[in-house]
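All chains should be built: construct the whole structure from the sequences, respecting the hints.
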Amino acid sequence: MLVLGIGNPGRRDDGLGAALVERLKRRRLANVSCDANYQLNIEDALACAEHEVVVFVDAARGLRKPFSFSKVLPAAGLPALSHALQPGAVLAVAAGLYGKTPDARLLAVRGHSFAVGEGLTGRAEGNLALALAFLVDFLKGIRRCP
Amino acid sequence: MGQKITIEPVTRVEGHGKVTIRLDDDGKVVQSRFHIVEFRGFERFVQGRPYWEAPVLVQRLCGICPVSHHLAAAKAMDVVVGAGPGKLTATAEKMRRLMHYGQMLQSHALHFFHLSSPDFLLGMDADPAIRNIIGIAALDKDLAVQAVLLRKFGQEIIEATAGKKIHGTGAVPGGINKNLSPEERDRFLKGAAPLNIDQMIAWAQAAVALFKDYQKKNKDVVDGFAAFPSNHLSLVRKDGALDFYHGVLRAVDAEGRKVLDDVDYQDYLEHIGEETRTWSYMKFPYLRSLGRADGWYRVGPLARLNTCDYIPSPLAQKEFEIYKAYTDGKPNNMSLHSHWARLIELLHSAEVIKELLLDKDLQGTKLVKKGKRAPEGVGLIEAPRGTLFHHYRVSADDQITMANLIVSTTNNNEPMNRAVHWVAMNVLSEKPEITEGMLNRLEVAIRAYDPCLSCATHAVGRMPLDVSLVDANGQVLQRKVR
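Protein chains in written order, with this note's numbering: chain A, 1 to 146; chain B, 147 to 628.
Note that these hints are calculated values from the structure, not bench results. Do not take every clue at face value.
Claimed, not checked - Capping the alpha-carbon separation at 30 Å, the derived lysine-lysine pairs in DSSO-like fashion look like this:
{"hint": "1", "chain 1": "A", "residue 1": "K140", "chain 2": "B", "residue 2": "K311"}
{"hint": "2", "chain 1": "A", "residue 1": "K71", "chain 2": "B", "residue 2": "K298"}
{"hint": "3", "chain 1": "B", "residue 1": "K311", "chain 2": "A", "residue 2": "K100"}
Remember, it's a predicted structure, so these values are computed and weren't measured experimentally.
Now the structure itself:
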C-alpha cells in the first residue's frame, strides 16, 4: 500500500497532505509506504504501478465536510493541466506505461487557508485528525483482507 | 461588433495565465495580451525573518522549481555571511552544483517529453485528449518511459543533495549541510540499469537527435513559428562558457552584439530596470542601457545558447556547434528552437552530473565557511526557465529588511507577449472560425518559454481550461471549458 501526500507546507493548509503522511509514518503500519511531494508528477506513476493500493492525500477547497474519501480511476484522457498531474492522470500514466491499475482512493481534507505561512490552521488540524483516524482504519482493514 | 477571445487559465503552464485577443469588426487583431497573476506578497512575507531561514522559506514560492529559489537565496546569503562567490569550500559548491544540474535534468526532461513533445509528435491540431504523455506512450512507449525515468533520476539527485523532497535544507548561508556519501554516489554512477548516469546521458543524446530529426522534416513550422528578434540575457562563466550555477551577466542583441558583458551581478540594479504596466500584475524587465522600449530580452535555454561562447562538456559542445552552425553563428531568435536548446542543455546537465559524481570533493567534510558580514547580498542562478534574481538586505540583528526577486518568467514577460501577438497576427486574424488548433497554437507559443507562475497552492479541483469569446461590450459569445 502506498500513501502519497500532496501539497506545499509553506502555504498553510495546502500542507495537509504532507502533514497527514508525516503523522501516518509515526504509526509505523506494516506494509504501508509513505511519500509526499509538492505536486504529483509523471514519476509517481512508477511508484503507483508498484503498489496494489494507493491513497492520494490532498488538501481540498470548498468541501462541506472535514474530509472526503473517494475512488479514483485513471483519467480517460490526461487533463490539459500544468507541470503537475492530478491523481487520475497519474493512474492513467501508470496504466499506459506499465499496464498497472492499482486500487486508488483520494483522501481530500478540507483546508481553510492557502496563504503563504507556516503551520496548519486550527480547523484544518481538526480535519486532519479525523481524516487520519479514518485512513488508519481503512489501511488496517485492507491488511485484514485475505 | 468587435470581439475578445479569452483563454483562462493557459494549460500546462504553472499558475493562472490568461490570453486576451481583441478583434475589430472585420476580425482583424487589434490587440493581444498575456496576463499573469503574479504572486508578489512573498517579498513582504520574508521581511523580519532571520536571514538564515531564507533558503528554506523561498521554497514556498513554487512547487515546481523550489531548488532554483533555494539556491538563489543561499547564494545571496553567502554574500551576507562573507562567503560570496569563490569563497565556498569545494565540497559545498560542487554539492550545490550537483543539486542544480539534477534539477535542470528533471525539469528539462519533464518540459520536453511531457509538455512540449506532444505538440510536435502528435501535432498541434491533435485532439487535446491525446496530446499528452499518454498519447506519446501510445506512439512510442519507450520514449514515454524514458521521460519518467529521466525525471525520477533528477528528483533523486535533488533528494540526495537537498536532504528531502519538500523544503530541502541542503544549501545554507556559507555552504551546504551534507556531503554525498559513497553509497549515494555509487547508486547514481553504477545503479542497476536503467537508473544510472550513463543511461541518462544516452537518453539525452537520443532526445537531441529526435528533435533535430523532427526539425529537419518540419522546418517551416519549427523555424517560422513565433520567430522574432530580441535581446538575450544570461549568466555565463567568466571565460564565456555555459554555466547554470554561477558567472557574470552577459546580454547580446538580436545580431549578437554584446550589450552587457562581464557584469558582476551584485550590481544588477545598475543594468536591469523593471517597468510596470497598468494591465498586468507582472513587471516588464529591461536593459537600462537600451531603454524601456528596446531593452526587453529573452532568458532561458534559447538565450543561454545565444550568450555563451561554448559548452564545457564534450557531447553537448558537439551538439552546440551543430546548433550554432544552423544560424551561421548568429543568435537564434526562433521561439521553437528553445526546445532544441533545452535538449542540448539536458545533455550538458547529464554530462556535468557524471563529472561531479566522479569528483572526490563531493565526499569532503568541509561544508561551511563564514567571513565578514555584509548588509546585503544578491544571488543569481540560471533556473531551468532562465535567469533568477534574489536580492536581500539584512539588519545588524540578522533580520531581512528588504527582498527583491525577479523570477525567470517575469524576465520572459515581454517575449511571451510577443509570441502571443505573433500567433494572433499570423494564425487568428481574419479567420472565420476560432478552432481548437488555433487556441493550442497560442499555448504552444507560451509553452516554448516554459513559464512557471507560482502555483504551489494547487488543491483538489482547480486548473480547468476556460475559453471565452467576448464581444466589445463584454458579452460572452462563446465559452469552452477543457
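In rising order, the numbers of the hints this structure does not comply with: none
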